[in-house]
Amino acid sequence: MRTLPRSASASLALLAVFAVSCGSSDSGSPSTGSTGASGTVTVFAAASLTAAFTEIGEAFAVEYPDADVTFNFAASSELAAQIGEGAPADVFASADLDNMTKLTDAGATSTDPVVFAGNELQIIVAPGNPLGIAGVADLADADLIVVTCAPEVPCGTYAAQVFEDAGVAVTPKSLEENVKAVVTKVTLGEADAGIVYRTDVLAAGDAAAGVEIPDDLDVLAEYPIAVTELAPNAAGARVFIDFVLGATGQRILASYGFLAP
Amino acid sequence: MTGGRRRRRRVSLPIPVLVLAGVAVAFFALPLVGLLWRAPWSSAWGYLTDDDALTALRLSMICSLWATALSVLFGVPLAWLLAKVDFPGRGVVRALCTLSLVLPPVVGGVALFFALGRRGLVGQYLDRWFDITLPFTTAGVVVAQTFVAMPFLVITVEASLRQLDTRFDDASRTLGASRWYTFRRVTLPAIRPALAAGAVLAWARALGEFGATITFAGNFPGTTQTMPLAVYLALETNPEQAIVLALALILISFAVLVGLRDRWFGRAPRANAVAA
Numbered sequence: 001m002r003t004l005p006r007s008a009s010a011s012l013a014l015l016a017v018f019a020v021s022c023g024s025s026d027s028g029s030p031s032t033g034s035t036g037a038s039g040t041v042t043v044f045a046a047a048s049l050t051a052a053f054t055e056i057g058e059a060f061a062v063e064y065p066d067a068d069v070t071f072n073f074a075a076s077s078e079l080a081a082q083i084g085e086g087a088p089a090d091v092f093a094s095a096d097l098d099n100m101t102k103l104t105d106a107g108a109t110s111t112d113p114v115v116f117a118g119n120e121l122q123i124i125v126a127p128g129n130p131l132g133i134a135g136v137a138d139l140a141d142a143d144l145i146v147v148t149c150a151p152e153v154p155c156g157t158y159a160a161q162v163f164e165d166a167g168v169a170v171t172p173k174s175l176e177e178n179v180k181a182v183v184t185k186v187t188l189g190e191a192d193a194g195i196v197y198r199t200d201v202l203a204a205g206d207a208a209a210g211v212e213i214p215d216d217l218d219v220l221a222e223y224p225i226a227v228t229e230l231a232p233n234a235a236g237a238r239v240f241i242d243f244v245l246g247a248t249g250q251r252i253l254a255s256y257g258f259l260a261p
Numbered sequence: 001m002t003g004g005r006r007r008r009r010r011v012s013l014p015i016p017v018l019v020l021a022g023v024a025v026a027f028f029a030l031p032l033v034g035l036l037w038r039a040p041w042s043s044a045w046g047y048l049t050d051d052d053a054l055t056a057l058r059l060s061m062i063c064s065l066w067a068t069a070l071s072v073l074f075g076v077p078l079a080w081l082l083a084k085v086d087f088p089g090r091g092v093v094r095a096l097c098t099l100s101l102v103l104p105p106v107v108g109g110v111a112l113f114f115a116l117g118r119r120g121l122v123g124q125y126l127d128r129w130f131d132i133t134l135p136f137t138t139a140g141v142v143v144a145q146t147f148v149a150m151p152f153l154v155i156t157v158e159a160s161l162r163q164l165d166t167r168f169d170d171a172s173r174t175l176g177a178s179r180w181y182t183f184r185r186v187t188l189p190a191i192r193p194a195l196a197a198g199a200v201l202a203w204a205r206a207l208g209e210f211g212a213t214i215t216f217a218g219n220f221p222g223t224t225q226t227m228p229l230a231v232y233l234a235l236e237t238n239p240e241q242a243i244v245l246a247l248a249l250i251l252i253s254f255a256v257l258v259g260l261r262d263r264w265f266g267r268a269p270r271a272n273a274v275a276a
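Here the protein sequences come in this chain order: A and B. Note that my numbering has the first sequence beginning at 1, numbered continuously upward. Note that my numbering has the second sequence beginning at 1, numbered continuously upward.
So here's chain A without its partners, still in its complex pose (with noise of 0.2 Å):
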C-alpha cells in the first residue's frame, strides 16, 4: 500500500512530463495566470494531504475546466529529495517547514512558502480504545505495541517531541516511514497504538478511535505551500495555491479536520 504511491509518482511525473509536452506542441499560447488556468498543474502534496487534496483538485477541475490537477503524494521529506532531484512538480505542499525550507534554500521555490493549514497529532488507537489508553503516559508501557513515523519524516520528529515534552520514554517497534503506513498498522491490529495527525484518525473512519493529545504537549504543523523553480506550469500552478487558500479549498481543508492558518 505504501509503494503504491511512489510507484504511481514515477508514472504521474511521467505523464506529467507527457502532458506539458503534449500541451505546449498543440497550443502556442501560454496560459495567462491572471484569468484563470489551463493544462496540467502537478502538485507534490505531503501524505496526510491525500483526501483533502483529491477533493480540493476536483473542486479545482470544476471552477477551472481548462486545468487539471495530478497528484504525487508521499512523505514530505520524500517529496523534497524528488523536487531536489528535478522531478516536474509545479506546486510543493509540505506537512512541515523544515522540508519546505530545505527547498526554498536550495532556491527550488519560486514563491514564498504561504501556510495554509495546521494540523495536531492524536494517538491512534483500535475503535473502542479497548486497552483504555487515555493519554501519552500510557505509550510507555511496555506490552503495547507502539509505532510512530521515523524521525526521518516530519510526523516522526513530532511524535519524538510529544514525547520528550511529556517526559515520557517510549521505545516504538517500528519507526514507519510516512504517517499513513502508522495508520494501517493500527487499524490492522498489528499495533495498538500510534502517533498520528488528528486529520489521519478522521479519515480512518470507523476502522481507528483517536485520543487526543492535551495543547500543552500537543504540536502544531505547519503546512505550507509554494511554486517551485522549474515549475513547467507556474501560472497554474499560482492559481491552484490561490484556490486552496480561498473559500473553497479552505472549507474542505477544515472538513477533514485541518485547522486554519
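It should be emphasised that the hints constitute simulated quantities derived from the structure, not laboratory data. Check before you lean on any hint, since a few could be wrong.
To be verified - Some chain A residues well away from chain B (every beta-carbon gap over 10 Å; in silico):
no. : residue
1   : Ala108
2   : Val168
3   : Leu217
To be verified - If you only want the chain A side, here are some residues facing chain B, beta carbon under 10 Å, derived:
no. : residue
4   : Glu55
5   : Ala75
6   : Ser76
7   : Ser77
8   : Glu78
9   : Glu152
10  : Thr171
11  : Lys185
Ideal placement from N, C-alpha and C gives every residue a C-beta, glycine not left out.
On the provided structure of chain A, position chain B as indicated by the hints.
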C-alpha cells in the same frame, strides 16, 4: 576460467544483435555509473562505518542468509515434488508457490499480516498458544524475505530436475539404492549447479527485499531495519549517505555474484555432461 578448459572463441554476431545487446548492457550499467558519479567519495568511509549503517548491514546479512537457508530447506523438496510427481492440480500448486514473484512486495507484506499477523489466520494462534509474534521482529524479516525469495530457487531447481535424465535415478534404484540415497548421491550432485544458482538468486533477492519487509516487519534499527530500508530512509534526509550505502549493497551482491559464478556455475557443463 581455470586453465585452458574454457577457450575464448571469436564469435561473430549480426550487427543488430550486438547493438541491442550493447543497449541492454548500458541500460544496466548506467544507473550504477550514476550512483558512482554522485557518490561523495571523501565522506564515504565515514558513512559506511556509521554505527547505524553497520547495524543495518549486519542485520541484512543475517536475515538474507537465513532466508536462503529456509528457501533451500523447503524449496528443494517443493521443486522435487513439482518436477517428479504428477498429481492433480500440480499447475495450480506451482502457480501458487511462485505467486510472490508477481505480487507487489507490499501486497505480499499485507497478505503476510492476514496470514501470520497478530490477528491473522494462523498468526492469532501462534500469538495465543505459543506467544510467538512475527510482525516487528527479526524473524518477521526472515519470513518476509523467504516469501519473496524462495520462488527463485524453486523455479531454477525444478527446471533442472525436469531436464535430468531419469535413467540414472532408475539405474541407482535398480542397483538397490534407497530413494533417499539416490537423491543424495545421484540427483543432488547432478542439480548442484542449478541449486547453487537458485540459492544465489534467492539470496540476492532477499538481500534487496524492501516492500514486504517494511510492511510486515516494520522498520526499527537493530531488529528489522535492513540495508534497503536504511537506504530508503536515508534518501529522505541524507541522500549522500543513501548513495554510499546503496553502493555498498551493490558491491557486496556484485562480489558474490561474480565470485560464485566462476566457482560454482563454471562446473555446470560437466554436471550436465553427466546428466546427459
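Evaluation of the provided hints:
Listed as outside the interface, alanine 108 of chain A is consistent with that label: its C-beta sits roughly 14 Å from the nearest C-beta of chain B, beyond the 10 Å cut-off. The beta carbon of valine 168 of chain A sits about 18 Å from the closest Cβ of chain B, which is more than 10 Å, so the claim that it is off the interface holds. The Cβ of leucine 217 of chain A sits about 24 Å from the closest Cβ of chain B, beyond the 10 Å cut-off, so the non-interface label holds. Among the interface hints, the one on glutamate 55 of chain A is violated; its C-beta lies about 25 Å from the nearest C-beta in chain B, farther than the 10 Å criterion.
Hint status for alanine 75 of chain A: holds, given a least beta-carbon distance of 7 Å to chain B, under 10 Å. Restraint check, serine 76 of chain A versus chain B: the minimum CB separation of about 9 Å is within 10 Å; hint holds. Interface hint status for serine 77 of chain A: upheld, as the beta-carbon distance to the closest one in chain B is roughly 4 Å, under 10 Å. Interface hint status for glutamate 78 of chain A: upheld, as the beta-carbon distance to the closest one in chain B is roughly 5 Å, under 10 Å.
A hinted interface residue such as glutamate 152 of chain A counts as satisfied when its beta carbon comes closer than 10 Å to some beta carbon of chain B; here the least separation is about 5 Å, so the hint holds. Among the interface hints, the one on threonine 171 of chain A holds; its C-beta lies about 9 Å from the nearest C-beta in chain B, closer than the 10 Å criterion. Proximity of lysine 185 of chain A to chain B holds as hinted, the smallest CB-CB distance being about 7 Å (cut-off 10 Å).
Hint compliance for this structure: hint 4 alone is broken.
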